[in-house]
Structure formats: structure tokens, C-alpha cells
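Could you put together the complete structure from these sequences and hints?
4 protein chains.
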Amino acid sequence: MKKYSFKNDYSSLAHYEVLSALSEAVKTQHEGYSEDIHSQNAAALIKCRVNQSNVDVHFVSGGTIANLIVFSAILRPHEAVIACDSGHISTHEAGAIEGTGHKICTVSSVDGKLTAAQIESVVLAHTDEHMVKPKAVFISQSTELGTVYTKSELCDIYASCRANDLYLYIDGARIAAAINSRVCDMTYSDIAESVDVFYLGGTKNGALLGEAIVICNDDLKKEFRHIIKQRGGMLAKGATIGVQFEALFKNNLYDDLAKHSNAMAYRLAEGIKELGYEFLVEVESNQIFPIFPSKVVEKLMQNYDFHEWVKLSDKTAIRLVTSFDTHKSVIDEFLDELSCYS
Amino acid sequence: MKKYSFKNDYSSLAHYEVLSALSEAVKTQHEGYSEDIHSQNAAALIKCRVNQSNVDVHFVSGGTIANLIVFSAILRPHEAVIACDSGHISTHEAGAIEGTGHKICTVSSVDGKLTAAQIESVVLAHTDEHMVKPKAVFISQSTELGTVYTKSELCDIYASCRANDLYLYIDGARIAAAINSRVCDMTYSDIAESVDVFYLGGTKNGALLGEAIVICNDDLKKEFRHIIKQRGGMLAKGATIGVQFEALFKNNLYDDLAKHSNAMAYRLAEGIKELGYEFLVEVESNQIFPIFPSKVVEKLMQNYDFHEWVKLSDKTAIRLVTSFDTHKSVIDEFLDELSCYS
Amino acid sequence: MKKYSFKNDYSSLAHYEVLSALSEAVKTQHEGYSEDIHSQNAAALIKCRVNQSNVDVHFVSGGTIANLIVFSAILRPHEAVIACDSGHISTHEAGAIEGTGHKICTVSSVDGKLTAAQIESVVLAHTDEHMVKPKAVFISQSTELGTVYTKSELCDIYASCRANDLYLYIDGARIAAAINSRVCDMTYSDIAESVDVFYLGGTKNGALLGEAIVICNDDLKKEFRHIIKQRGGMLAKGATIGVQFEALFKNNLYDDLAKHSNAMAYRLAEGIKELGYEFLVEVESNQIFPIFPSKVVEKLMQNYDFHEWVKLSDKTAIRLVTSFDTHKSVIDEFLDELSCYS
Amino acid sequence: MKKYSFKNDYSSLAHYEVLSALSEAVKTQHEGYSEDIHSQNAAALIKCRVNQSNVDVHFVSGGTIANLIVFSAILRPHEAVIACDSGHISTHEAGAIEGTGHKICTVSSVDGKLTAAQIESVVLAHTDEHMVKPKAVFISQSTELGTVYTKSELCDIYASCRANDLYLYIDGARIAAAINSRVCDMTYSDIAESVDVFYLGGTKNGALLGEAIVICNDDLKKEFRHIIKQRGGMLAKGATIGVQFEALFKNNLYDDLAKHSNAMAYRLAEGIKELGYEFLVEVESNQIFPIFPSKVVEKLMQNYDFHEWVKLSDKTAIRLVTSFDTHKSVIDEFLDELSCYS
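Residue numbers (the numbering used here), protein chains in the order written: chain C, 1 to 342; chain R, 1 to 342; chain B, 1 to 342; chain F, 1 to 342.
Hints in this document: simulated from the structure, not taken from any laboratory.
It is possible that part of the hints are untrue.
If several chains are the same, the list does not tell them apart, and a pair holds so long as it fits within one copy or across any two.
[What the hints assert, rightly or not] Below are the DSS-like pairs computed for lysine-lysine, each with C-alpha atoms no more than 27 angstroms apart in a straight line:
# : residue 1 : residue 2
1 : LYS222    : LYS27
2 : LYS27     : LYS250
3 : LYS47     : LYS315
4 : LYS222    : LYS3
5 : LYS7      : LYS27
6 : LYS250    : LYS151
7 : LYS2      : LYS222
8 : LYS315    : LYS2
9 : LYS27     : LYS3
Quantities reported herein were computed from a predicted structural model and do not represent experimental measurements.
This is the structure we're talking about:
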């Protein structure tokens, strides 16, 4: 039995306020298929948070199904998605996007970010009907490497998308970690103004499960619920998710959880830096990638769970992820142990 | 505000024992993607309940995604599914099976049941490579009309499947209602012996969400988790479902809930019969289809929610569904009101 | 070795004028992928024949691929096609439409024709997002039973399509046989005015292979060549088809071949009638369905190839198909033989 | 009007012996769907040529549809194909493979060839059920850069495939150019022994259209015709292709045409070399990639058609392709003109 798992931010099942809301909700009957009052309330709160009253909000069970539903809904068969080679849809969704018929055109990225210039290079390389037609761009905010797009970077990407007739989609599995990052210079409202469709992640920020897809572009709203249903993303007990998002958004819980998670990551990173170690990429949110001698990594693995990210000769970069539920004491204990190996 | 909804058996979110198990589970960390202890425990309990130690058990979020994952996993592109025209995959899943590329060959049914003879007639009609090849049979136990296959009927169907090189799949969204039906002459173990793959429904029997796919045929087990992942059915917080199924199966809760649900349906049906009304089909589980004068239906709709099933000249058959959470008093109040209209 | 095959209208590979055009065309180089002069000429001739200058014309290799390309291009994933149960896409294309993800909603038909009323009944039955959304109608002209839609029937269907936001598609594998039918009261131009997209069949009317898809509705034209390419329908040597359609349409060859084919069917039908036999459906084009005592059918099968269509107690309806290449003498010889069995 | 097109090897529609065979074949009736005598003869000749009597041979209309049919037939939904980034399925088939649901995992290649080491690196990188599972390898022989795998290279690849449970598929659009290359050390028989499935290209070697898929691995043969039909690859007039392959294989025509095509490419390359120019890759078959000053390229484009392949500062590599129909005089005239610009 290990002391703690830094493998991911979904090891702890749910924040108690979320569970408490569910405990209250079981006392009454609810309309099915996300047409209940709580889902409606949650949608209203999200519209308020992103400061746009006319977006459509849909609740689904997880990130992979959110991604495949969106691309299935907005793309014709020959249309493709542009993404980083580190993008979640490209690496860790078992071919979910291709499974709905669409190619992903990848470009390489060191820090997990895509650039406007890369988007344009992909568009320029697809010139005729013998090739797929790039029609959407996928980015993650925060990225799979914990980095956070700045407002300026996002605006450049969105401008490139509009110039090239591309839809911009943001995988917001960890969007709360991004918005509440110490390097972030934008709000949820800024996001909603610079994107065609995105989702607000619940699973990785305190909910038992659930993501909220937000459609900003009117052209993409039509019969979206048909697609959710067809792909198996519509829960009969939709209120199960609606109740949780209502709890997360009716006050600042959604952001507070992310702030805590980030704070724990920063504390962890500071301690590691003080012990003289470097990082694979900048520490900007709740995923950090310190580089340790491989022997140190071996020792750490005896008491802690985490992913080895990449081998670098005799060193190894590992991924440490904090969550809404990570306690200061866990961080300090880890650092104590690390200091013994240094 | 209506008094009660008989629209379905998923209006009440969860049984308190299920929720209580979740409340306990949030205190610790869990392995992701259904590889946690609770999911393993739940799988072990299910193996025990079906009396087969070597089946594979997988947890997914809902019925439609369970169905599309199974057929996506076990069929080649030209292979088709045989089902009743009233089968859920044929009518109410927005083309989920076709969405993964497979045709459904339907036959008409009055009571929601498929027969071995019908299966054979479909097989005989598909003779060459210009047609799809029937390769799987889909039945629901209990059916969409609340009826329950007898052991003999199921054995005939399975024998026909084996004779014709077809996989038999049971949609068990309401399998607990079937097994605990007053007309049922079989056990979970009998089911597992007469089927290639099926699922045990949680959503419609007391869980917040979740279904347990049980694969009995070894040939269908390979890399099933890849398919679950690809179709978006694998929850990061898989323990959310595992914990609930553990609670449902560690004692008799799963069956007790269904027994209660059925008992409420029988009580309701008896009362309706006593008032002189007839039914569209036999009352065998928690979905009943009484036939009322359309004027009576209009009056009932003022205080109750339910589905109008089919218009029959000046009468209407409606669907009334009871659940684990339906109280005797609700039934009696409904019957009182009905007696006033009679 | 049998005397003759009435199994279909594609047993004879090509009319000599078509082959002669190919023999001429091999002398020079041609642009690839249907961008050659001959394909352009053929498209221009077809635009002229349908009396519409702004339709798009695309050449593909066969009927099944024409059908799947069109529905793949014009439908979103949850959208379905309405068709007769005797429709080719429903019975004899091995699930090609479902293979691209779309359900076919079938209605039963005795004479192979769909009616406006049937279309509306399907639309009315699909009321919400738990069901597929009917978005296109498939009819064959002439039908799989050799019958021919009248102008009035087609107009009613198209009006129903426009009223219900449905695209109308005509499978014109045998459209020349329909237009040149003795019961036909419309022209190619009438067709083009009452349809969103259709194809003019080459394979079953004198070409080695090839069909010409004609897109009348501007909304359906965008990036159609991408879809043709993606589905494998774009021939590198597109001129192979263009040359043939140029030969078929540069004078009246396309219609002359169908007239001959129909005339042979009528001659055959008259002879059969004179011998006292009845038909399953009216004789309207080059597919006829006489009903013979099963013993007579057995004898005929010794010298002739044809399909047995349906058993009717001790009789059998068979399908006899004539082609551009069927000689009068073959008909007369068949009738002579039949008279011996009567 | 330009003097000649070196854009590809499918500008000339067909060799006269092929057309002559078709002219003969139109005189009689043929069984449909490739079940005619000529298709059977052609299949028998191919089995003889590859020296394996128990392979299955199927005729389809083109390369893209051959590729998508094969992968659609042999892969489960989560299974992926490994290919070079220059592979035809990856670049120039408009997402045909993804369109049937499968990801292509690409590796970079300078000379168009894939190596056993690259295959293994892809396999090693796909470790769990969150990723696609590599299950097939795609290579082109000759490659998209005109290079030719040696017997040793192919054996290494096939050994790697067997070791890693991968099917090996060869796109043989230009397999005759490869086998008859001056650097080739293998026979058709060697190919058939080192592959699970491949196709012999007709379109790019003298046929009007058509490719012959050869299935060597028994496990991949089942119900293949269903898949051909479902994907729209089965021609009603299958004899159209069968007759042509019979003509190509009943003597040495298939190889003779490729030998001529290669010889013209070598003559062209020799002349270019003598004028002092270099090549992007070795000249091994009928596609050559000389590097000229961009100004020379501009001049050449006035009289000749060809593809500009890649810009290299002030130079441009172009692709020149010769065919069965390219005359010596055309080569010499081109070289004369080039010498004027040098």
C-alpha cells in the first residue's frame, strides 16, 4: 500500500459538497435525459459564468465521449481535425475520433501547445480533393503538459481559425486549472468569445463524473442532442450530472477546487526546485514534470504512484498531478522523502 | 407540479444504500478506469451471482453505450443484428448501432418478444454477399413491453443462435425486474448459460448510473476495454460505478429493489383490473400498459406523468412504470383518483 | 450451356459504339480523375439533356458506391433515409448505407413504389432526439419491380419532401428504361426539377461501367469530390467513364438502347400474356415478373437463366430482364419454348 | 496544348491488347459480379504467377477502394495501420482509412520505405487500452518515391509483423514496376510468401481500370465479398475487369508493359544525369525525381506536364512518371529541350 498517488487528478471521487447535493437530490423525482431542473439550473449558471446567455450547454459523462460527440456533430466525413501530437484525442483515446471517421492531422509540439503558424502550415499542405480537408482545431486548456495558453496565444489561434474556415474546439478537462493558473490572463468569458465549442471538465475537478459541453457558434447547435444520444452520451439520469454542476457553479466551488489543486502543485514544484531539480516544462497548473535521476525515481515509486513520462539518458521526467483533494501534508511528506534521496 | 411521475424507472436518482457507499468511497483514493478495488469486488460479486467464474465484467455509463460498444466489438462491418421492431436499439437509440456501421434486421412483434422461428426466417432470407449477414440477436429481458421471456423461450432462441452461428445478446436494462418477475422461471445463472453477452442494468434499478456488461463467450472477450475506451464508455472515475454495483450486489439489494418495483406494478395493475380495465399485454414486471378511455387519460395527465403508448380508436393504452422508489401510498392515491373517473 | 440469360441487364458488357469511343480515346493522353475533356463533354451533354445548366455532374464506377457516396455526403450521422422495403439500398447492398453510419427507415410496398403518404407517416413517427431524424428519401426510377413513377406521383413525393425538410434522391440505375417506358409521362428535365440529387445509370444501359451523379440542389454540391475520393469512387482513369457517357449522350444512343430494351420486354410480355399467364406487377419497363406453374419454371430453367422472385403456392413469379443487347429472335425462341410447356 | 504529360502513369487509357480483349468479350453474355469465366481465368493466371494455388483473388475498380476494403475487412474498430508519412493512404486518399474508422500511425521516411525497426517502435509506443492497437502494416511496392524494397528488406518487415501479430499489406498499384525494376531481387512468388494480403495494380499498368486483391492469409479470406459489396467495390459487370486481367496475365504483357515503362524512366534519368543534374532519391522504377533550378522547371512546364514535388531553396525536385505508352522519341525530345536550358 503506497502513501499517495500523484498519477492523476481523478483518484479522489468527489468533493463532499458535490456528494451532498446528490444526497439531497435523491429525495425527489427528476425529469430524464438532462431535462431536469438541476441540469437547467447548472446550464444557467454556466451561461452566467461564461457571460454569454445564448450558448447551448450539454452534459455528458466523460471527456472522450465529449470529444467524439463534438467532432461527430460538426464535421462532414472528409473533414479533419488539427491537433498537437501530444493532444489527448491523438494519443490516449484509442482512436475515438478516427472511430467516427475523421483523420487527425498532427503537428509536433514541445510544450503541448499548438500555434497559429502550425495551423496555417497544415491548411496550406491540404490543397485538393485527394486529401482530407482540415475543418477544426483541437487544443487542450490546460494542455496535456500542464501549460496554459495565454489570451494572446488563444486569440491568434482563433483568428487563424476564422481566416481559414476552421472551427476551434477546446478540450477543457482541466480548464479550471488553466483559468486559475498563476500565469493565466483570461476569464471563462474570454474563452467563450474565442472559441466555437468547448467543454468545462467536471471529472478532473471534483465531480463524480461529467463534463459540460458549451456551444458558442450558432451553426453548430442544431440537433446536437440527437448526436449525444446516438453516441451513447445521454444519461437517462441526466440529473446525476446536472446536480453536480449546479453544486460546482452555484458559488465559487469550481474555481476554488482548481485554485487549491494548483496551489498544491506550486508548493510541490517549489520544494523540488529548492532541492536543485529541473523541469521538463514550466510549472503552470496542477500537472508538473520534474526531472530526477532514474535511481531517485525508483525509490520514489516505492511509496508513491505516478507516471514516468520520458527517459532522458540516466534521468527520468515524471508526471506529478495534484487534485482538489491533495493535502499540504502529503506534499510536505513527499518533499521530505525526496530530500533524503538528494 | 404533478403528484407523481410514472414515466419511467429512472426518475429517482439512487437508493440511499448506493449513495451511502459513494459517501464512504470518497474518503480514499482509487485507481482509475475501473481498475479500482470496488470495481473488482463488484465484478467478483457478479461472477458469483451468475455462477460463472470465468466471465468478463465491464462497467459502462449507460444502456445505449453498452449496446453500441458490444456490437461494435463483436461484429465485422457487413454483419447485422436481428431484433424486434420494438427493440430499444431499433427505435430509441437515435441510430446508435447503425452509427457504428451495422444494420438491424427487424421483425414485428406484438408482445415485445422475439421467437426462434423469426430468427430463422431472417437468416433464411439473407442468402448471399449482396446482403448483410445476420450475426447477432438482440433481445431485452424484460422487454420494452414489460413482458418476460421464459426459460424455455430463451433456450429456444439460444439454440437457434448456435445453430445459425449467431451471437445472442441480452439488453438487461431491466433484467432484475425480469428475474424477480412473478412469471419468471429462471435465475441469473440460467441467463449466463444461455447467452454470449448481456448486461445487468444499474440505471433502472437503483444506481445513479451504470451498467455491467457480462461477456460469457470467450471469443468475444479480446481487447474489449480498447473498444470501451474508443467509444467513450470508460469513465476515468470508474470507481463511481464499481462502488455502486458493489453495494447492489454485496447483499440482495439488487433483487430487493426489483421485487419492490414489481410488487408496486402488480398492486397498480390489480387495482386497475378491479376497476374493469384491460391491458395491452400481460402484466409481468414493472412496466404495465392499461387501456383507458382517452378522456380518462386526459384527466389522469393533470396529476400524473406517463407515456401515451398507442391510440386505439377512442381509447388509449398508456405506459405506467414503477421503480425501487415508488411508494404504496402513491399507487393507492392513483387508484383512488382513477376510480373517480370510472 | 444455356441459350440465354434473362437474369439481368448487365450480362452484355457494352454497346459497340461505346467500345468504339474507347478505342479512339486510347490514342491520346487524358487528364486524370475525371478532369479530362471527355468527362467535361459528357457532363455538358447531360446538363443539356436535363435542361439545367447549373447542376453538378460526377462520374463514379457503380450504383452501390453512387448511393453510399451521396448519403455519406448529404447526411449528418443521426440522419436517416426513408425507402421502400424493396429498395436496393435496403436489400441488396450488403449494408452499404448503414456502413457509412445511417439508418434506413423502410415502409412496405407491393409494387416497388413509395408514396407521399408513407413518407409523412415515417416523419410523424420520428418525434424526438431519441430517434433517428429522417432527412432523405430514396426511390428507384424505374423501381426494383420494373414499375415507373408517373410525373404526378413524383411531384407529390417531392412536395412532401420539401414540406418535411427531406432531400429526394433517385437511384437511376434504370432511369433510361423509365423515361422511355410506354407509361412514362415525363422527361429527364422533369426529373431534374423534382429531385435534389439523382444518378443516370450507365452500367445497366450499355456502358462497360459507370454512373453519372447529378446534383440539382446547390446546398449539396460542396466538396462532393472529396467524398467521392474518400469512399474510393474516384477513378484515376476517369476518362474511362467520361468517354462512354459522351458516346451515350452525344446523340440518342442512351435512349435508343433503353427503347430497344423495353420493346423486347413488351414483346416478351405480350407473348406470355397470349399464352394465358398473369404477372406479379404491371409490365412497364425492361423487368417483367410473369407467374408460371413451378413445373414450367423448372423446365424453363434448363435453357434459360433468370431469378425466381417469389413462390406462390404451386406457382412461381420469376423475373425476366431484357437489355440493349437482347435480340428479337431470343424472345421468340423463348416464347416458342414456353408455348410447348403450356 | 503541351507536348506530353509526365504527371502520372494513367494518362494513357489502355494497352491495345487489353482493349482488344474487351472488344472480343462484348460478343457474349457474362455472369455478373466477377463470377464470369474471364474473372475466373484471370484469378487462375494470377495464382499461377504468384505460385500459390490457394490464395483468394478479388477484382475491384481502383486503388483507394482496394485499400479501404482490405483494412475494413481485416481490422476491428480499435485497430490501427502503421505506414510511412509518404504512404498513399496517409496523404492522398482523402481520409479513406479513417473514414472506415481506423487510425493510421505514421513514421517519417526519406525514401518512401518503412523499416522493421520503425514498425517495432510504433508497437512499443502503444502499450495499453487507452491507445489504438497497431494490427496492420501498409507499404507500397514500388513506393510513392519510386523506390523498391529489396527481398531482404521485405523479409525483415514481414518477420517483424509476425513477431508483433501484425498483418502485412502491400499496395501494389505499381508492383509490376517494382518486380521489373533493375534493382529488384524478387518475384511475385516471393511477394506472396512474405505478405498477408496485397494487390496487383491494373490501372497504372495498362488496364482501363481495375486492381486484383490477393489474399494469402487464410484468416483474412472469410466473407471478403460481403465487404467488397458493402463498400461499393463490386462491379455488376465484373467481367470488365476480369477480361483485362486475363489479357494482362495470359502471357507476359503485364511484365512487358512495366519493363517498357521502367526502361523509359531509366533512359530519361540517364539523359538528365548526363546533363549534370542530381536526383532526390535513387532511380529504381518508373517514377523519377530530378532536381532542377526552379527557372529550368518553369521553362519545362511550358511544354510538359508534371508535378513539382518539393522546393529546395532555388531548386525544385519534380516528379516525372513514364508509362507503358511512353515512346522513346518523347524522352529524347524532352532531353533535347532540357539540354537547351542547361
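To see whether the hints hold, each was checked on the structure:
1. LYS222 x LYS27: neither (34 angstroms within a copy, 42 angstroms between copies)
2. LYS27 x LYS250: Both: 20 angstroms inside a chain and 24 angstroms across chains, each within 27 angstroms.
3. LYS47 x LYS315: Classified as neither; 46 angstroms inside a copy, 44 angstroms across copies.
4. LYS222 x LYS3: Neither way: LYS222 and LYS3 sit 49 angstroms apart in one copy and 34 angstroms across, limit 27 angstroms.
5. LYS7 x LYS27: The answer is between: 17 angstroms across copies meets 27 angstroms, while 36 angstroms in one copy does not.
6. LYS250 x LYS151: For LYS250 and LYS151, only the intra-copy Cα distance (26 angstroms) is at most 27 angstroms; the inter-copy one is 51 angstroms.
7. LYS2 x LYS222: Classified as neither: same-chain Cα gap 49 angstroms, cross-chain 31 angstroms, threshold 27 angstroms.
8. LYS315 x LYS2: within (23 angstroms within a copy, 61 angstroms between copies)
9. LYS27 x LYS3: between (37 angstroms within a copy, 14 angstroms between copies)
In the structure shown, a violation is registered for the earlier hints numbered 1, 3, 4, 7, in ascending order.
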